[in-house]
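Student: Following the hints, put chains Z, W and U with the ligands in place on chain P, whose structure we already have.
Single-letter residue listing:
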Amino acid sequence: MSMREMTYSEAIREAMALAMTADERVFLMGEDVGLYGGAFGVENDLIDRFGAERVRDTTISELGIVGMGVGAAVTGMRPIVEIQFSDFTAQAMDQIANQAAKLHFMVGGQATVPLVIRAPGGSGTGAAAQHSQSLEAWFTCIPGLKVVMPSNATDAAELLLAALEDPNPVIVLEHKLLYKQSFEVPETFAVGRLGVGRIEREGSDLTIVATGVEVQRALEAAEQLAADGISAEVIDPRTLKPLDLPLIVSSVVKTGRALLVQESVRFGGFMGEISASIVESEAFGHLQAPVRRLCGLDVPIPYNPDLEKAAVPQVGDIVREATALVREW
Amino acid sequence: MSMREMTYSEAIREAMALAMTADERVFLMGEDVGLYGGAFGVENDLIDRFGAERVRDTTISELGIVGMGVGAAVTGMRPIVEIQFSDFTAQAMDQIANQAAKLHFMVGGQATVPLVIRAPGGSGTGAAAQHSQSLEAWFTCIPGLKVVMPSNATDAAELLLAALEDPNPVIVLEHKLLYKQSFEVPETFAVGRLGVGRIEREGSDLTIVATGVEVQRALEAAEQLAADGISAEVIDPRTLKPLDLPLIVSSVVKTGRALLVQESVRFGGFMGEISASIVESEAFGHLQAPVRRLCGLDVPIPYNPDLEKAAVPQVGDIVREATALVREW
Amino acid sequence: MSTALLEDAAAALEALGTMWRIRLFEEAVEDLYGRGMMHGTMHLSIGEEAIPTGTCLNLVEGDQITSTHRGHGHCIARGADLGRMMAELLAKDNGYCRGRGGSMHIADVATGNLGANGIVAGGVPIAAGAGLTNQLTGNGKVAVCFHGDGAVGEGAWHEALTLASMWDLPVVFVCENNQYGMSMSAKSAFKVDLSAKAAGYGIPGETVDGNDVVAVAEATARAIDRARAGEGPSFIEAVTYRWRGHSKSDKNRYRSKEEIAEWKGRDPIAAFAHRLLESGLVDQAQLDAAQSAARDAIRESVVFGTKGEDPDPAALLDAVYAPSAVDATDTRLQEASR
Amino acid sequence: MSTALLEDAAAALEALGTMWRIRLFEEAVEDLYGRGMMHGTMHLSIGEEAIPTGTCLNLVEGDQITSTHRGHGHCIARGADLGRMMAELLAKDNGYCRGRGGSMHIADVATGNLGANGIVAGGVPIAAGAGLTNQLTGNGKVAVCFHGDGAVGEGAWHEALTLASMWDLPVVFVCENNQYGMSMSAKSAFKVDLSAKAAGYGIPGETVDGNDVVAVAEATARAIDRARAGEGPSFIEAVTYRWRGHSKSDKNRYRSKEEIAEWKGRDPIAAFAHRLLESGLVDQAQLDAAQSAARDAIRESVVFGTKGEDPDPAALLDAVYAPSAVDATDTRLQEASR
Ligand SMILES: Cc1ncc(C[n+]2csc(CCOP(=O)(O)OP(=O)(O)O)c2C)c(N)n1
Ligand SMILES: Cc1ncc(C[n+]2csc(CCOP(=O)(O)OP(=O)(O)O)c2C)c(N)n1
Ligand SMILES: [Mg+2]
Ligand SMILES: [Mg+2]
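Residue numbers (this note's numbering), protein chains in the order written: chain P, 1 to 329; chain Z, 330 to 658; chain W, 659 to 996; chain U, 997 to 1334.
Not one of these hints is a red herring.
Derived pair list, reagent style SDA-like, types lysine to any residue, alpha-carbon separation capped at 20 Å: (1) W:Lys909 <-> W:Gln837; (2) P:Lys309 <-> U:Ala1311; (3) U:Lys1260 <-> U:Gln1175; (4) W:Lys909 <-> W:Tyr691; (5) U:Lys1183 <-> P:Glu53; (6) U:Lys1247 <-> P:Leu46; (7) U:Lys1187 <-> W:Glu864; (8) U:Lys1260 <-> U:His1270; (9) P:Lys180 <-> P:Glu5; (10) W:Lys849 <-> U:Asp1164.
No lab work stands behind these hints, which were simulated from the structure alone.
With the rest of the complex left out, here is chain P:
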């Protein structure tokens, strides 16, 4: 397949443009997505291409915007709602959790809510505690919602297209640090599949499951580990809910060891789910070491850049933990 280079934001923008071109029910709504071009420049010139009707600048009203997305979705549109920083999903939780995710069930299937919420998370920009969280654990425990966490440009585009095809509400947790990164992407984006993980690198000594920005770090770590004679398999679940557990389990059956890496806090974080599920699966009998999590510290993200780095797993941390898991067990 012929490839090209593109940043994560460009890929998201292209996917939105593709969707808006193909389907007039698709529109975008959010704070500063129009004239400003998006707080992170993701939308850039979309307003010029699709007009202010379909690339809608809203007031600062996260709850209202998501609620309008629910109302538009249930009446036949395919809204994309952008929450400027995923931290502000806090304001919109009622519409996300109590309305969007439950409506289909509560009305016995009479209605569907094909709403896509895009929200960038993650630390690393010096934006401190209220603009840097990784909040996937708030969403993965909500029945009725799907949760996507793309770690590269192709997934960001193709899973967004998949989310737009899905009749259920989907929240896509993008990562701010990735927006400006370039990736190789296919000549044309296809519609992805929700709920299908990917083995990013094959290996035999341990399985590293990593999400979001940690996928790259895990791949870098795997490279260093290889130099050290440790063969790490790296898996990116891509969709956290529904989770491609069979992919993870069969890898752990093979390697006998699992290291779960996320940027988000450890206590109560999503990796607890993966750890518990591995232990409950047939992989239990194959474990040569305890399933281990490597997560962000249980702290709000600090402003100081060194503290901020110290608060979330870096490549060296992954190498260290993986080595310990293989060598000490």
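Tutor: Relative to the frame of chain P, chains Z, W and U with the ligands by itself:
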């Protein structure tokens, strides 16, 4: 110690009255907590005893109320904010997670937020999907917050008093089904300790960790299991954050088996944290069976009473799972 | 359209019949609940029937409504089937929500009722979103948002009004001001007449007698016409009173017996019937017929509902997500989700 | 109190000095940022200095303020130490927040500044809560809530105003209407003058020239006096303009160069200085001295800040919870939390 009988609500009411009598900084604020006596009758006559200034009826504004609680706490008061159903914490998430929990950290320790939020959760009343959730997983992943889940009247009172003494924000997740239940309670309530679990029943074949309303069900199940020759140790963590992990781990070291029981949904639920932590602990080497979770189904709570029961673990489910864990491994 | 109410006997009797159906439906529900045949919680709108009735008679096919925890009246006024409603409240599989929603989530999406809502003000942004669909597609439809006085205190209400007015969306906000949000009196809560709040959003605001079905019909007709003409949203405060407690737990501590009695004297159904009779548009026999037709319909609905089957717990997990074309072919995922 | 500004040279020069300190602090910050010595994101209030200055000069010890993402001015006007502020922005351990908060969380709780807030409208209910403390304890203090025009669209704002007005809390809401919420123009967003919204809450609302420190001081003095007298909250819309982009990522696509230039012509500092000079209250030398004193103070703050130590990552975990008397003695728990 001489004992008396009291319902869970009466115990909470007595604790609030004790605190308001002892400390004039304590006051209560929420929807219908005054004139109405509380949606569940928890407050009853508190307004007559302490006046409308200290037992404050608010408008329907969960975000506003919690935010005012933050503001009052940070300026020296000890507010108790009641969220009528824990489902409506969705509206207040910004003030809970981004303000109350983080302020102390963000301002480098200059301020503390001794705020207590009480919020009843749980199913079993036919109130359907938006009034029956068990949302502890939203809170346990928030650094800076403490999370309490009392399963009986004494804990409901004494941990509430502990929460009021704590300089940090504490959310107390009460259970609607327990409100009207009677319990033996001590003649006078003491100030409890946050972060200290309790062995509710000793046993040797497996450890059942249960939270909230499932503690009783686990105890009933343990009774039936005993008749069947299975000796179950039952632990109630009481505080989910900070979690008394050492208590759980030492029990699992002893029994070699753990069954984790919660009413909340399984996927992304809090028991994943306990499961992962057990596996990461010294208990790993002692496990004779995989750590297992028994949780609510991954569905919104349905209205129909049979469906509602089917959606969360009942005594029989615990017996069945515990038996399988002991007999099949 | 709505002035027809005082000129066209058929229209008048239809409106009267709607009010009776709401009243009698809720009385039946109350009775079933009292006899232990219905569970959960109930919010009855007895005494408030003129508002949904007067409003919905202005709506055409495709217009949407969003409703509240006190939503039986909206559902009936919008034309839902009484049997399927009753079946739902009886938690049956042939109920509108297959027994999964109950009273607080009653919905009939086919008639444009996007659903009752257990969350105060939860439906307000959703209505604005429906209005956005209408505007974007140019379908000529209007969304009506019913909400209570208590909902006005919620941030969701404010954000939805802000966005709807900013974009001139075809939405009509109908505030059923029954003077209490549970126990909180609207007067203590808000200091101003609720309709005075509309000015802060740059939209028309009007207070009407919510117990006068004609007044409600006229005011909402104007607002709906305005919305349909692309002139944007309006806010209508319809003052009324709830005869029953907020829900079953209510001890009515926050209001007096006298107040309740006084408002019972302003029964919207009796008042309208009386007015029709006085005006000579209809005779007593016709009024009686309207009432007894409603009674028969409710009786049938109870029969229909009680005959329904219980939903199957085994179908629970499948009910959470709408099937997506892609997932359906992926058996590995289906296994994983068990 | 505030009319003293045009009569009392010392008071006038103090206000002028405050405005200069804000301006020059932010210019220094901009410079440090541009030179890569400061990281994260910055929201500068250059051009808006009259509002915090005119407001805070009416406050007494113990009065509280809540601030915003654009909060340097509030912090300085309330009397914070410039060195510790600069140290914070430079992410140092001797900064107000020990390098953990940065610009968006700058706070000086000792002077009653409960903190900048990264969340739009996040501080509004918090200010109301501070007002509640004041009312409940009868301490005679007033809470001032600074917020932007964009914050007016948030539910939090609405709920806080509703509760504060319902309870007549001693709170003054000062809306810094710099005409944009990031890129959204307040005119398109809200359709009405923001002060017109106050009527919907039954409280006084007033629009003032936010670039006129005297007008701001007078309007806020009245509102603060009213609050202190127990007569409840007020809303003041102070119209101003932000000279810089919203933050560093701003390409200013939503406004014209002409508009920016026009507003730069209405510099609140120059205007006040000119007025003082014209009136003869002070002379040019005094004006120059105020400016250069401010410049020295800022220079010192940069020295102080750059000299600070970096915070120790090892202390991170201990910084999350305030130590509670009970936990501290429980070593088992301390172990568990590792
Ligand atoms: C967000 C939220 N908060 C609180 C409640 C609990 N509650 C249900 S109805 C109600 C009163 C609503 O008052 P109003 O809007 O006036 O409607 P009414 O009941 O009078 O019809 C309350 C407090 C809720 N369901 N949702
Ligand atoms: C809840 C929330 N939504 C969005 C943002 C992103 N954001 C930060 S400042 C801002 C604009 C705020 O406008 P305004 O209140 O007018 O203050 P100004 O920046 O003009 O001083 C936005 C959208 C945020 N920080 N918090
Ligand atoms: Mg009401
Ligand atoms: Mg602004």
